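For the protein sequence lines, the chains are A and B, in the order given. Mapping the first sequence onto the numbering used here, position 332 (from 1) lands on 332, and the numbers just tick up by one. Mapping the second sequence onto the numbering used here, position 123 (from 1) lands on 123, and the numbers just tick up by one.
One or more of the hints may lead you astray.
Unchecked claim - Estimated spans, in silico, between C-beta atoms of each pair:
| # | chain 1 | residue 1 | chain 2 | residue 2 | range |
| --- | --- | --- | --- | --- | --- |
| 1 | A | Gln412 | B | Asn165 | 34 to 40 Å |
| 2 | B | Leu184 | A | Glu40 | 22 to 28 Å |
| 3 | B | Gln123 | A | Leu77 | 34 to 40 Å |
| 4 | A | Leu494 | B | Gly152 | 51 to 57 Å |
| 5 | B | Gly152 | A | Thr31 | 28 to 34 Å |
| 6 | B | Asp19 | A | Arg36 | 50 to 56 Å |
| 7 | B | Gly152 | A | Ser529 | 49 to 55 Å |
| 8 | B | Gly152 | A | Pro404 | 36 to 42 Å |
| 9 | B | Leu55 | A | Val447 | 36 to 42 Å |
| 10 | B | Arg158 | A | Arg23 | 24 to 30 Å |
| 11 | B | Gln123 | A | Ala22 | 25 to 31 Å |
| 12 | A | Arg34 | B | Leu184 | 24 to 30 Å |
| 13 | B | Ala126 | A | Arg26 | 49 to 55 Å |
| 14 | A | Trp418 | B | Ala126 | 33 to 39 Å |
As the list claims (entries may be wrong) - Part of the chain B face toward chain A, derived, beta carbon under 8 Å:
| # | residue |
| --- | --- |
| 15 | Arg26 |
| 16 | Tyr28 |
| 17 | Gly34 |
| 18 | Arg37 |
| 19 | Gln125 |
| 20 | Gly152 |
| 21 | Tyr153 |
| 22 | Ala168 |
| 23 | Ile169 |
Said to hold, decoys possible - Far from chain B, some chain A residues (derived; all Cβ distances over 12 Å):
| # | residue |
| --- | --- |
| 24 | Ala10 |
| 25 | Glu55 |
| 26 | Gly214 |
| 27 | Val353 |
| 28 | Gly362 |
| 29 | Phe376 |
| 30 | Ala391 |
| 31 | Ala415 |
| 32 | Thr497 |
| 33 | Gly500 |
| 34 | Arg527 |
To be clear, the hints were calculated from the coordinates, so they are not data collected in a lab. Because the structure is a prediction, the values reported are computed rather than measured. Glycine residues also receive a C-beta, built at the ideal position from the N, C-alpha and C atoms.
These are the residues of each chain, in order.
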Amino acid sequence: MNCFSELTYAIFVDGELAAEEARQVRSHLATCSRCRELVEALRAEHRVLNEVLRELPEELDDRAGLPWFRRPWVWDLAGLAVVLALGAAAWQWLDALRVPEMLEGFNPFSAAGRLNLFFNLAYYFGHGGTAVLVDYADTVGRISVLFLLGSGALRLGRRWRRHQLGLCLPIVLLALSLPGFALERRHSEFVTVAANETVDDTLVAAANTVRVDGVVNGDVLAFGRIVEVRGTVKGDLLSWAQRTEVSGTVEGHIYTFSQSFEVSGQVGHSIYAWVQTLHAGNKSHVGDGILAGAADITVEGEVTRSVTIFAGSTDVSGSIGRDLTVTGGDLMLANSARVGGNLTARVRRQKDVHIADGATIGGKRDIQMRVEKSRFVRPKFYFFQAVRLLAAMLVGWLGLVLFPGFFQGSAQAVASGWRSFGLGSALLVGVPVAIIVGAVTLVGIPVALMLLALYLTAIYLAKVWVGAFLGRILLKSATETTRDWLLALLVGLLIITVAGFIPYAGGLIRFGVVCLGLGAFAWQLYRTSRPATTAQHG
Amino acid sequence: MEDLELENVLQLARRHDVDALAELYRRYARRVFGLCRYMLGSTETAEDATSEVFLKLQRSIGTYDGSVPFPRWLLRVASNHCVDVLRRKQRERQVIVEAQEDAAPLDVAGPELSPLSEVISAQQQAAVRQAIARLPENYRVPIVLRYYSDLGYDEIARQLRVKRNHVAILLFRAKRELRQAIALRRE
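Using the sequences provided together with the hints, build the complete structure.
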């Protein structure tokens, strides 16, 4: 008879062989001394294992005995070094990269690109969001009227019994219902006030294109991609648009928040603009002054009073009645430029200022270089860092008190390292896309806003979790008391804050912290949303 | 409480008697900790796991029906918990990779005795413990479940979610690894 395999004997010794096979094994053992010896050895092994395992293993402090390349932290460190090196190289490359001017608008690392992105985003939000707002105001107005009528009838029924609450309620409701009547609301793809049309109310318009060819006797509040005033607005113009153009007359002020803003008509009072480009054409006339923040500003027309500008580049060839104050990059005054009052400029370099010989300046010229003092020598810097640290500590403490399990779990999830990092960086990129997609579809706007809030909160909290995790590792605190946790958080946050200011690497470190924290948060969210898997057996 | 028979302690514990539960902890914590220590590989996680097992015990003691001795039942619960912990650590993946039956042919053993069967001295025992603790998870967990928790193949297969045959193969390979480790040490 053939001998059985060692595996079969091992199962036999464990008492797990099927009865029939076990019988065969036993009868074979009776005849084969070689196999008997083997089975005896296996039984002895069994006894040794049982016996040996009765004691606990001695602490494995000789892990250091592993060859260096098998130690897990060596690999982590190597991975980190590679990421840092690649990141630094990419950073240098991006920094040195000359983006063609035409594509500058798409480059998220340039001011123009960021503004472009911002305005496009703002447009999507503004467009959809205000449509909801307008409908909402309408609904609230109508419901308020119904309540007003209903409560009025009840009041009459009770013969005007004087009751404080009873009197207040209709007043509040009346106030709420008023906007529903006082405003003229228009909302469609294309909103136009025709040339022969006169609107006597304030006009609120949200559309792809809002155009005023006729006369609006009140104010105009316009949200759209393109807002054009070719006719007359007797009140103020408030616009939030990708492009705002005024070729007609605005008798009041203009408040605008646009990507590009163009005036070639008449403005009765001032212009307040936060835009990417502002162009006041040579036929434009501004009754008061201009206060603007922009990437590029060109003033070719006439401004009666002062102009105050924060801009990347300023180009003046028109006439300014009083002072011109510029803070920013380039300043160019053409031959035809005229400044009635003082010229005050704060620029980086002297050579960025070009004042043509023919330019007239009535008052003093005051051109100063802005010397960039290192932020580390300003006491304010330390004060703000301390405040931020305190705020983060407070948030950490609140989180720990309110959601202890979740907060500690998130901090612990940071330990998974690359998983958190990968998940976090994917979310960092993916969530804004989801937000935009959500916002473009009208129904998704509330969801998009909530997602945005959650996203920003998580980005803020990332440093808290990573800090807590880091601190716990460094302090080797195994206990779970709130005090230990907070101490660990303080240590971790301090390290992250200081590390964040290391030149070049600091940005990458902060990026890494955000990715890690975001990933850990998402992972913890996923884990807590899942039903518990630890089922009981036995 | 200390002199009470286990049966009585269990009866009290089933009624959520705090002293009885504390007594169970006193009697079995070390044994459970040992299991967790072997299974999870670090004292810290083993301590956490031990306290979680006893927390669970408060809830699940009602399901103990006396069909197996209590220590064995408790170790089964603890093993289950440890496998859960490992599984969580492994990002929900299979803790134990299924052994391929045909991956390496299993020889008929020669007559030479296993170095493991001659382990007698305390020093040698310590060496074996170290070797077990250093085994990869794939081998360490089945060995510990079999020889510490005294679980049968069926129970091990269920906990690790592998086939029964593979439990036998895993144990077999694990022991072979151990023998090699011990033999290497002696050389």
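The hints, checked one at a time:
A hinted range of 34 to 40 Å holds for the C-beta pair Gln412(A) and Asn165(B), which are about 37 Å apart. Take Leu184(B) and Glu40(A): their Cβ atoms lie about 24 Å apart, and the range 22 to 28 Å holds. Distance hint check: the CB atoms of Gln123(B) and Leu77(A) are about 36 Å apart, consistent with the given range 34 to 40 Å. Range check, Leu494(A) to Gly152(B): Cβ separation about 54 Å, and the 51 to 57 Å hint holds.
The hinted window of 28 to 34 Å between Gly152(B) and Thr31(A) holds, with their beta carbons roughly 29 Å apart. At roughly 52 Å, the beta carbons of Asp19(B) and Arg36(A) sit within the given window of 50 to 56 Å. Taken as a hint, the range 49 to 55 Å is violated for the pair Gly152(B) and Ser529(A), whose Cβ atoms sit roughly 36 Å apart. For Gly152(B) and Pro404(A), the hinted distance range of 36 to 42 Å is satisfied, since their beta carbons lie about 40 Å from each other.
For the pair Leu55(B) and Val447(A), the supplied restraint of 36 to 42 Å holds, since their beta-carbon distance comes to about 38 Å. Taking the beta carbon of each, Arg158(B) and Arg23(A) are about 27 Å apart, inside 24 to 30 Å as hinted. A beta carbon spacing of about 36 Å between Gln123(B) and Ala22(A) contradicts the range 25 to 31 Å that was offered as a hint. Our hint of 24 to 30 Å for Arg34(A) and Leu184(B) holds, since their Cβ atoms are close to 26 Å apart.
As the Cβ distance of Ala126(B) to Arg26(A) is approximately 36 Å, the hint placing it in 49 to 55 Å is violated. Distance hint for Trp418(A) and Ala126(B): a CB-CB separation of about 36 Å, consistent with the stated range 33 to 39 Å. For Arg26(B), the interface hint is violated, since its Cβ never comes within 8 Å of a Cβ in chain A; the closest pair sits about 17 Å apart. At about 14 Å, the closest approach between the beta carbon of Tyr28(B) and any beta carbon in chain A exceeds 8 Å, and the interface hint on this residue is violated.
Taken as an interface hint, Gly34(B) checks out: its beta carbon lies about 5 Å from the nearest beta carbon of chain A, inside 8 Å. For Arg37(B), the interface hint holds, the least distance from its beta-carbon to any beta-carbon of chain A being 6 Å, beneath 8 Å. Because the beta carbon of Gln125(B) sits about 5 Å from the nearest beta carbon in chain A, less than 8 Å, this interface hint is met. The closest approach between the C-beta of Gly152(B) and any C-beta of chain A is roughly 7 Å, which is under the 8 Å cut-off, so the hint is satisfied.
With a cut of 8 Å, the hint placing Tyr153(B) at the interface with chain A holds, because the nearest CB-to-CB distance is about 5 Å. Among the interface hints, the one on Ala168(B) holds; its C-beta lies about 5 Å from the nearest C-beta in chain A, closer than the 8 Å criterion. Of the supplied interface hints, the one on Ile169(B) holds, with its beta-carbon coming within about 7 Å of a beta-carbon of chain A, less than 8 Å. Non-interface call for Ala10(A) relative to chain B: violated, since the shortest CB-CB distance, roughly 5 Å, does not exceed 12 Å.
Remark: the non-interface label on Glu55(A) conflicts with the geometry, its nearest Cβ contact in chain B lying 6 Å away (cut-off 12 Å). Distance to chain B confirms Gly214(A) as a non-interface residue, since its nearest Cβ pair spans about 65 Å, more than 12 Å. Every CB of chain B is more than 12 Å from the CB of Val353(A) (nearest about 60 Å), matching its label as outside the interface. Distance to chain B confirms Gly362(A) as a non-interface residue, since its nearest Cβ pair spans about 73 Å, more than 12 Å.
Its beta-carbon lying about 40 Å from the closest one in chain B, Phe376(A) satisfies the requirement of being farther than 12 Å from that chain. The claim that Ala391(A) lies off the interface holds: its Cβ sits roughly 32 Å from the closest Cβ of chain B, which is beyond the 12 Å cut-off. Not every CB of chain B is more than 12 Å from the CB of Ala415(A) (nearest about 10 Å), against its label as outside the interface. For Thr497(A), the condition that its CB be more than 12 Å from all CB atoms of chain B holds, with the nearest at approximately 28 Å.
The claim that Gly500(A) lies off the interface holds: its Cβ sits roughly 30 Å from the closest Cβ of chain B, which is beyond the 12 Å cut-off. The Cβ of Arg527(A) does not lie farther than 12 Å from every Cβ of chain B; its closest approach is about 8 Å, which violates its non-interface assignment.
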